[in-house]
Amino acid sequence: MSGAQMAARAARQAVIPSASGRDRTFAWIFRAMMYAAVGLAMLALVTLLYDVASDGLPKLSTDFVTRFPSRILPERAGIQSAIVGTFYLMIICTVIVVPLGIATAIYLEEYADRDKWWNRLVEINIQNLAAVPSVVYGILGLAFIVRGPISLGRTLLAGGITLSLLVLPVVIIVAREAIRAVPPSIREGSLALGATQWQTIWKQVLPGSIAGIATGVILALSRAIGETAPLLVIGAAVNPRFNPDGLGSAFTALPIQIFAWTQDPNRDFVALAAAAILVMMVALLLMNSVAIFLRNRYEQKW
Amino acid sequence: MGRRTSLVRRPTARSRGENAIRALLFGAALVSVATTVAIVFSLIRETIAFFGDVGFAEYLFGTRWTPQLNEAQQSFGVLPLIWGTLYLTGIGLIVAIPIGLLSGVYLSEFAPRRVRKVIKPVLEVLAGVPTIVFGYFALTFFTPEVLRDALGVGVNQFNALSAGIILGILVTPTIATLTEDAMSAVPGSLREGSAGLGANKVQTAIRVVFPAALSGVVAALVLGASRAVGETVIILIAGGQTANLGLNPTESYQSMAAFIAATSRGDIPTGSIEYETIFVVGMTLFVLTLVLNIISIRLVRRYRQVYE
Chain A
1 MSGAQMAARA
11 ARQAVIPSAS
21 GRDRTFAWIF
31 RAMMYAAVGL
41 AMLALVTLLY
51 DVASDGLPKL
61 STDFVTRFPS
71 RILPERAGIQ
81 SAIVGTFYLM
91 IICTVIVVPL
101 GIATAIYLEE
111 YADRDKWWNR
121 LVEINIQNLA
131 AVPSVVYGIL
141 GLAFIVRGPI
151 SLGRTLLAGG
161 ITLSLLVLPV
171 VIIVAREAIR
181 AVPPSIREGS
191 LALGATQWQT
201 IWKQVLPGSI
211 AGIATGVILA
221 LSRAIGETAP
231 LLVIGAAVNP
241 RFNPDGLGSA
251 FTALPIQIFA
261 WTQDPNRDFV
271 ALAAAAILVM
281 MVALLLMNSV
291 AIFLRNRYEQ
301 KW
Chain B
1 MGRRTSLVRR
11 PTARSRGENA
21 IRALLFGAAL
31 VSVATTVAIV
41 FSLIRETIAF
51 FGDVGFAEYL
61 FGTRWTPQLN
71 EAQQSFGVLP
81 LIWGTLYLTG
91 IGLIVAIPIG
101 LLSGVYLSEF
111 APRRVRKVIK
121 PVLEVLAGVP
131 TIVFGYFALT
141 FFTPEVLRDA
151 LGVGVNQFNA
161 LSAGIILGIL
171 VTPTIATLTE
181 DAMSAVPGSL
191 REGSAGLGAN
201 KVQTAIRVVF
211 PAALSGVVAA
221 LVLGASRAVG
231 ETVIILIAGG
241 QTANLGLNPT
251 ESYQSMAAFI
261 AATSRGDIPT
271 GSIEYETIFV
281 VGMTLFVLTL
291 VLNIISIRLV
301 RRYRQVYE
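Chains as they are written, first to last, in our numbering: chain A, 1 to 302; chain B, 1 to 308.
Rather than coming from a laboratory, the hints here were simulated on the basis of the structure.
Treat the hints loosely; a few may be bogus.
Computed footprint of chain B on chain A; a stretch qualifies when at least three of its residues, placed anywhere within it, have a C-beta under 8 Å from a C-beta of chain B [what the hints assert, rightly or not]: (1) 41-50; (2) 65-79.
What follows is a list of derived Cβ distance ranges for each label pair [what the hints assert, rightly or not]: (3) T25/A - L290/B: 42 to 48 Å; (4) E177/A - L24/B: 33 to 39 Å; (5) N239/A - V153/B: 20 to 26 Å; (6) R114/B - V282/A: 27 to 33 Å; (7) G246/A - V291/B: 40 to 46 Å; (8) L86/B - W202/A: 45 to 51 Å; (9) S54/A - P121/B: 18 to 24 Å; (10) L151/B - M42/A: 17 to 23 Å; (11) N239/A - L24/B: 22 to 28 Å; (12) A49/B - L121/A: 39 to 45 Å; (13) L214/B - F26/A: 18 to 24 Å.
Keep in mind the model is a prediction, meaning the values are calculated, not measured.
Even glycine gets a Cβ: it sits at the ideal position worked out from N, Cα and C.
Produce the complete structure using the sequences and hints provided.
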């Protein structure tokens, strides 16, 4: 349908009388409602941040960051094992998600023939996976990775794999967009010079889309860092007084520690949750700043 | 001879390498298919085991959900969990639909560029806040200070109202952003046509652009609903852990996702009936969100086709 046809259809469908006084009042009310809606959304964010900051800041100290959790004394409890656990989880996620995500994105954008049913299946499958609730990934982790066929136990590696599978669709979707943004003329030029398809991808397409892909990976990691439900379901340790010492070690993570503290009847422990949230938010902020920096600094303009 | 047959495509070292790479990449793409297969397989296996112990009708139509009790008093009617999920999602959508839609319309049709530059990042930040933070906020601020003290609503410590409203704030950015996308995709000629007929900006936005973007907007709402249905931690922290088939929003409710997270803590014995309930509820949740996602994908595809 062309623009002109659509305009004609709109004209036929919406016969609009010229604005009367009532219409003007309605327009004014509608505008007020829009401002109120946007204002409410802003207010929600500001209140949320303020509440967490005012609860958490007084509890935040170097001791809090370096101590291990305590079950008895809130003033001696810390989050070292949670920070270290989250850090290791992020490394495992990166190692798994970067090659798998980029490879899948390259396959779908550069190789897949969309007329073949199996390629369409892969595509639809990824769209659906992206919207599967995170708690279901926890079930997968419990039944398949912690127990069942892979049987890793309630270990750091099992947690890392579960989170990786959860965020893999995000990486794939963002990486595909970045690859699609590289114009076809670049590929054609490379192929015309005698490069093979893979040489074209490796030397032209990937360097041209790397900023977008990196942004996608960071986006995915910043989702993984705050995920609570899957780690709860697979059984991350609560209040461990040790750091994980290898892939096969028990572990905890920041969101698990936060969750455990919100469940505590002692209000002093609940306030510690806010302090741990602040630490997590700072990590998120850093990751997002890196993503924005990459986007602005390295994004290719074609 | 050799010269002529070289016209026939024979695998060279180079093309063999290319094919190997292609196969490798396809293998990576298969990992995500394998993930789905593994999810479905693990859900189905334990679901079948569950229905070996509990009747299908008893599960689907039963009104009491008490797997935590001892064997004589156990009851496995999933309706309270489905109801809790839908009830909380409903409260969330009552909050999120007006705020999200109006914000989306504003961003697409009215906001000056400078204002957009402020609001868009705020929505992005809001969308990026981990849900556990929303849960903490609902439990320690919204329930005691807003609902109880400021508004004087007599709510329990764990209640549907607080969890539902915060759930709504969680999905608001999703709805706002997708609504904006759908409305921005409507070609400018429609707006010009409407303005040419004497409509003001609000009339154009509501009567021309909004209907033209309707399937995209509905897709945004469905996606928002599907996020709320699958959300776990807010409900687990602030909504409580009582399966409830009632209507009172000041009481505690449990959703399917919250039940799963509350029940499975890693040390639950494999093969026990509690273990199986995680999977049968997970299956129910998976099917529900899958249906919502398919609807949303279909709708998005339809509105894209119109304008391309």
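Claimed coverage, the region 65-79 of chain A by chain B - three or more beta carbons nearer than 8 Å: That given contact is violated, which follows from only 0 residues of the region 65-79 of chain A lying within Cβ reach (below 8 Å) of chain B.
Range hint compliance [Cβ, G246/A to V291/B, 40 to 46 Å]: holds (42 Å)
L151/B versus M42/A beta-carbon gap, inside 17 to 23 Å or not: Cβ of L151/B to Cβ of M42/A: about 20 Å, so the range 17 to 23 Å holds.
Taking the beta carbons of E177/A and L24/B, is their distance inside 33 to 39 Å? violated (22 Å)
Is it true that the C-beta distance of A49/B to L121/A lies inside 39 to 45 Å, as the hint says? This hint is violated: roughly 28 Å between Cβ atoms.
For T25/A and L290/B, compare the CB-CB distance with the range 42 to 48 Å and indicate the outcome. holds (45 Å)
Tell me whether the statement that chain B covers the region 41-50 of chain A is true, taking a Cβ distance below 8 Å and needing three residues at minimum. holds (count 6)
L86/B versus W202/A beta-carbon gap, inside 45 to 51 Å or not: The hinted range 45 to 51 Å holds for L86/B and W202/A, with Cβ atoms some 50 Å apart.
How does the Cβ-Cβ distance of R114/B and V282/A compare with 27 to 33 Å: does it lie in that range? The hint (27 to 33 Å, Cβ to Cβ) holds, given that R114/B and V282/A are roughly 29 Å apart.
Satisfaction of the hinted span 22 to 28 Å by the C-beta atoms belonging to N239/A and L24/B: violated (43 Å)
Starting from the range 18 to 24 Å, see whether the pair L214/B and F26/A falls in it by beta-carbon distance. Taking Cβ atoms as reference, L214/B and F26/A lie about 20 Å apart, which means the hint holds.
A range of 20 to 26 Å was offered for this pair. Does it hold for the Cβ distance of N239/A and V153/B? violated (34 Å)
Checked against the numbered hints listed earlier, the structure breaks hints 2, 4, 5, 11 and 12; every other hint is satisfied.
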